[in-house]
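Novice: Here are the chains, one letter per residue:
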Amino acid sequence: MKKSYQSLEDNPTNNMIQVIYRHLASKIPYLGLVILLTFSTSLSAQEGDPVKGKTIFNTNCASCHNLDRKMTGPALRNVESRLEDEQGLGRDWLDKWIRNSAGLIKSGDAYANQVYNEYNGTAMTAFPQLEDQDISDILAYTAEPAKEKVVVDEVTSGGGGSSEGGISSKLILGALAILFALLAIALILVRKTLNRFAEEKGIEAAQKDKSLPIWKAFVQNQFLVLVTVIFFLLASAYFVYGYLSQIGVDQGYEPVQPIHYSHRIHAGDNGIDCKYCHSSARVSKHSGIPSLNICMNCHKSIYQVADETQQEGMDEYGVDYNAEIQKLYKAVGWDEAEQTYTGVTEPVKWIRIHNLPDFAYFNHSQHVEVAGVQCQTCHGPVEEMEVMYQHAPLTMGWCINCHRETNVNVEGNAYYTKIHDELSKKYGVDKLTAAQMGGLECGKCHY
Amino acid sequence: MSSNKKYWKSVEELNENSSIVETLKQNEFVNEIPTDEFLGDKETLESSSTTRRDFLKYVGFSTAAASLAACEGPVIKAIPYVVQPESIIPGVANYYATTIANGFDFASVLVKTREGRPIKIENNDLAKTHNGANARVNASVLGLYDSLRVKSAMKGGQDILWSTFDTETNQKLTDLKTAGKEIVLLTQTYASPSTSRLISEFKSKYGNVRHVIYDAVSESPALDAFEGSYGTRGLASYDFSKAMTIVSVGADFLGDWQGGGFDSGYAKGRVPKNGKMSRHIQFESNMSLTGANADKRVPLTPSQQKQVLAKLYSLVVGGSAQTDLPENINKAVQNAASELNKAGSNGVLVTGIQDVNAQTVALAINEKLNSKAFETSTPILTRQGSNTAVTKLVADMKAGRVGGIIMSGVNPMYTLPNVSEFAEGLEKTELSIAFSMKADETATKAEYIAAAPHYLESWGDVEIKKGHFSLMQPTIRPLFDTRQFQDALLKWTGSDKTYREYIKSGWSGGSFNKALQDGVYVSDTFSSAPNGASTTTTETSSELNDKKDRTFLGGVIHDVAVGVGIKDEDKDEYSTTTSSATTTTGGLNGTAGATAINAGSAARNLASSAKSEGLELSLYTKVGMGDGQDANNPWLQEFPDPITRTSWDNYLTISAADAKTAGLENKHVATGALDGSYADVTVNGVTVNNVPVIIQPGQANGSIGLSLGYGRTAGLKEEMMTGVNAYPLYQDFNTAQNVSIKKAAGMHEFACVQLQNTLMGRGDIIKETTLKIFSTEDRNVWNKVPTVSLNHEEVEITSPEVDLWDEFDRSVGHHFNLSIDLNSCTGCGACVIACHAENNVPVVGKEEIRRSRDMHWLRIDRYYSSEDTFAEDDTKKDEFSGLWGDKGSLGGFGELEHPADNPQVAFQPVMCQHCNHAPCETVCPVAATSHGRQGQNHMAYNRCVGTRYCANNCPYKVRRFNWFLYNKNDEFDYHMNDDLGRMVLNPDVTVRSRGVMEKCSMCIQMTQKTILDAKRDGRVIKDGEFQTACSAACSSGAMKFGDINDKESEVAKLKEDDRMYHLLESVGTKPNVQYHTKVRNTTEA
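Heads up: the protein sequence lines correspond to chains C and V, in order. Residue 11 is where the first sequence starts when you use the working numbering, and the numbers rise one by one after that. Residue 136 is where the second sequence starts when you use the working numbering, and the numbers rise one by one after that.
What you were told as hints is all true, and nothing was included just to trick you.
With a cut-off of at most 16 Å between alpha-carbon atoms, the simulated EDC-like pairs for lysine to aspartate or glutamate come out as follows:
| # | chain 1 | residue 1 | chain 2 | residue 2 |
| --- | --- | --- | --- | --- |
| 1 | V | 212 | C | 368 |
| 2 | C | 436 | V | 944 |
| 3 | C | 435 | V | 944 |
| 4 | V | 286 | V | 616 |
| 5 | V | 212 | C | 264 |
| 6 | V | 316 | V | 531 |
| 7 | C | 428 | V | 1183 |
| 8 | V | 527 | V | 317 |
| 9 | V | 1144 | C | 379 |
| 10 | V | 877 | V | 815 |
| 11 | C | 428 | V | 1181 |
| 12 | C | 62 | C | 144 |
| 13 | C | 441 | C | 421 |
| 14 | C | 80 | C | 128 |
| 15 | V | 1205 | V | 944 |
| 16 | V | 338 | V | 317 |
| 17 | V | 212 | C | 356 |
| 18 | V | 919 | V | 1192 |
Keep in mind that the hints were calculated from the coordinates and are not lab data.
Start from the sequences, fold in the hints, and give me the full structure.
Specialist: Following this line, the structure appears as structure tokens:
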């Protein structure tokens, strides 16, 4: 899937091709015309390969430039022609600028200084290593016409495919149901017919003995009643107890958050360390919900997700990831066009998933930093969670089980040296569990 | 078996013909039960729309609905910062050094903040002076979250914008200047160099400006005397740790005398070392904290104090004094004088008599003694007020000679004795501005209220002692739209600087950021002393060197919590620097001679001025309330006075003999609570009505005491409007007044937390001995471990063979012990408030305290001796024989219940003793309280069902039961009932709910944090790192906390000390709290 998109996109006439794809046979002459046109335009500029250009652009320029948006630097779509038209500056100026912008500014070039000031005196990195051909390639890439949005038709048609399977299975089920109904009717009819035959032939169906009905017999047998009552009481006690003990246990709690944040994309696909965002887990009792400025470390430049990710979000989760990024910008007060903070902020009111009662003290740094427990041990496969949910029951029994089973990570920790020696002598063991260290005492968590 | 015994309920029954008996026989109840009134009213019952059945239905339904609704978990929001400040990590405390300087309390403190909220005040160990936060300073953090604070500038009761305030006041000030009218700045003592500079700039801009400094409780005579003798307006500084003989004439120097802050030095000298400790003789009329700690206390009236001082002068310095003191006092004075003379430079004399002659005499005596404890080159600057200036100002205002008045940090409408004159004068001013945190008595009368910030929101510099600078920095963004006085001055002088920039620009003491981080800076350019002892003081200071300047949001972190997320490269390093300051000696040169001459005549004046008839009143300030500016602080209101153990009140203290004469009485009602008569108190025609009376053992006959600081009427909640205002009696700013009292009708209900005042001869609760016995006799003589009989042999209770229980192995890991030295504990109560702040202890209010439902986890018991000394109590009890007769126990115990007229006093802080064999643990039916390996007795609130068995089985009575929900409950409208007040809560400690038991946890949250920090750093814990809130707050060093499994630790050594004993050791509970036998220095020199 991914590969095919890549090739489509790379083709200078990719939006056309989508159309052509279906009516290929009839539109071959038209395609030829388009290709001809494309080549003629690129001929008028310097020779450049937009495919190569894209690679070079992504390696060197993309962190500060975008084709259609202002970022740290200006938007670069048709930069060459625009320069020519608006400023009367040619390729040689561009070469100088790219290879050594600082030099150009120093030389007192008017336009160079104007650009420099316009972008708050942020000097562009010099790229002396770029060959003329490389620059041509980049410029060829920038000269490509803007691509239109992916046609939404395909999305729905793709979706239709999968739902068709659903319909067919329903059909089969329906057919089966009708079949069974017919069978049942047939059986009833057969029975009726047989009864009629029997009546006609005067055969009496064997009468049952007039013994006590079963319920009366049951009621009269007091022992049985007693046993049953006890059984019911026990069973209901069991269920009531089961019901009561799950009160306040919110395992699987998966609230809808104000911003659809996908741990799957961040921690899973991109492999960002949990503690990059939840940094206070190292030093504090709280793991900390990252402040929005942490998000902006990356999302200043990642203003939208890759198209295929966007597609995936729409298909599988019904989420417009790009819109979610916009929510972040709104909350943090980021003006995309100006690339500045407006100062108007709107703190995000996340819904807290893991709620320990106030009387239970839990310290993240104790577990994460001292014990070296993986975040996933308690929080589950977060890197696979599209929507975060509570993995563990967070009951006291769950805490205590872990404390009973887990060995304390004492190696290389001077604090434990003495106490470990003494305790292992006392218990005659090599490794110590948290429980043996006193991790089951009430006051260790309740104060 | 039949019996002819006749049982009778009353003597009346023996009278056969009694009609009452006959009537009573017929009626079971003496009073008719009013059932008819209720049931007979059929109409109402029937017409009621709710029948019994309906009622039950509703109850059933609502119970079911409530329990169903409770099953649904609430949705909890978590809102992170948009931009998280670098310094703040949620869940990790930051510490900032700052300074309190509210005009009454001055101290260098550390402020603990969590998520940007200040939650606790701690001592700043880097400060060399005034580093011990007292109870009020500890409680000051709650003042920040006072819901009654003024939230913006106000005019005539309406909020106005600061810009409006600026335009209007600027205009008016300019008008006043043009009209040539006088502008007066009436301020508290700021002791701030920058503020002084600012005020002089203000003066030069507006010309006709007068700056009057006003201390609500004045030390003006002492300042005048010091100024007269040494040329500087300040107070002599005393270091009591250098004194071996301390004589105090009416000076409560462990309380608020001359600004306080002397207790830690005093306590150092009280611990016997090598058979030596200081000897303290106290002449006083009220039973003060200082008198309670004295080795010898002589009760006498204020006028007799003057004579004593004059006499002491004649005996130490020379000359003669005409006195008519009673024989016993005369003898005591002569002994004191000879002890002083013998001690020479090791002696010191202080006085609290509000008389310039008395203060001059005191200075002269110390000068003569060449006292080491007496220091004049670095005077204390925390009191600057002048009585004459204030008196003149009130007169000028009344005469309409003052055009405008700007007040800051003062509340003259409450604290002045002549309030009506001031009010009249205030009305005559064209402009009046009050900088105030509350709409208090003065602010409500002023034209403008300028909302002032709390000190934890302010900038400032304070020169507490000459050359000793302390800096004040905000620890939180201003909660309200406030402006501090100095910023306003800057505006008025046309400066565009902020006060912070102003302080910084005038700073000359090295790195400003460094000073800000330390909170203190000691200038090395001491001015050389004109007089004074030849002393070379070598001061060793531990200073925090910072490799990186960590400047954050308006402040620099003072991160004592080393390792809270700070990487190795910027970890603070402690280095020890030694600085020595040599002060030159003046000896008895010309200047000193001149002083001596003045002092001689002063002594004569003093003796002749000491005339009095009738009762004399001594006004004083209470440890809990001070001058009354913190009256809206529930912690302080509920703080029991160390001496009377009474909270929520002030009262007249009177001796038993005088009370009898005046017909005043104290009695205990059925619940055991204390009631007292009311009295009307009249001084010079001014009467304060209905002052409740407490009979105070140790109160000098012919004298009565009354504390200032109560009876506030504005700017505080109704619950806090307690006591009576004594300021109207504080005439001429003199604490000693001739007074007449008259019994008034009614009885006052006191909220007293201790109802048993004596030890009843139980010497094993507070063990004490004399220095002589202590240094000559064996430990078994004065600190014997109780014994029990095993196989007809006396065996020590601590030995394992007489133990009911098997001992656990406690040798592994930590084993915490708290050590309390009864010798250095002065009873100041800072620990009580620190415990409140650290552990979210609720305030329960006067009514509940009266029902003995106080929630203090830590109490400081105060005991009086019944005989003259506790030792005599013990002897008396030991000599009881039989029930009846002279030495009979029935009458004898009754006598032992009554404190002596001048009793010995002992303080004993008691908290949960964390018994290794805890009686509470064995009786809990749900195992909610259990023992930890680290020696702490745990209390799991969520497990507790509230049977209270544990409290009943606790021999120390330290467990507290939550009779009610004390938070978010309008019945208890204190700080925990509003969002603002709850910001002071410690997030690491559970806020307890109704129906659970609670008690001291030995600050397990603090020990656990210390352990975690060490684990994270991978290091061994050093001695001194473990602290509890009380041990950290104790500036006198009485409380020490640590790990006794660390054999090198201080507590481990203290445990082996001969003075160590456990409370009620004979019970065999093996507590983890140690007490150290009190030693009194009764050796008369």
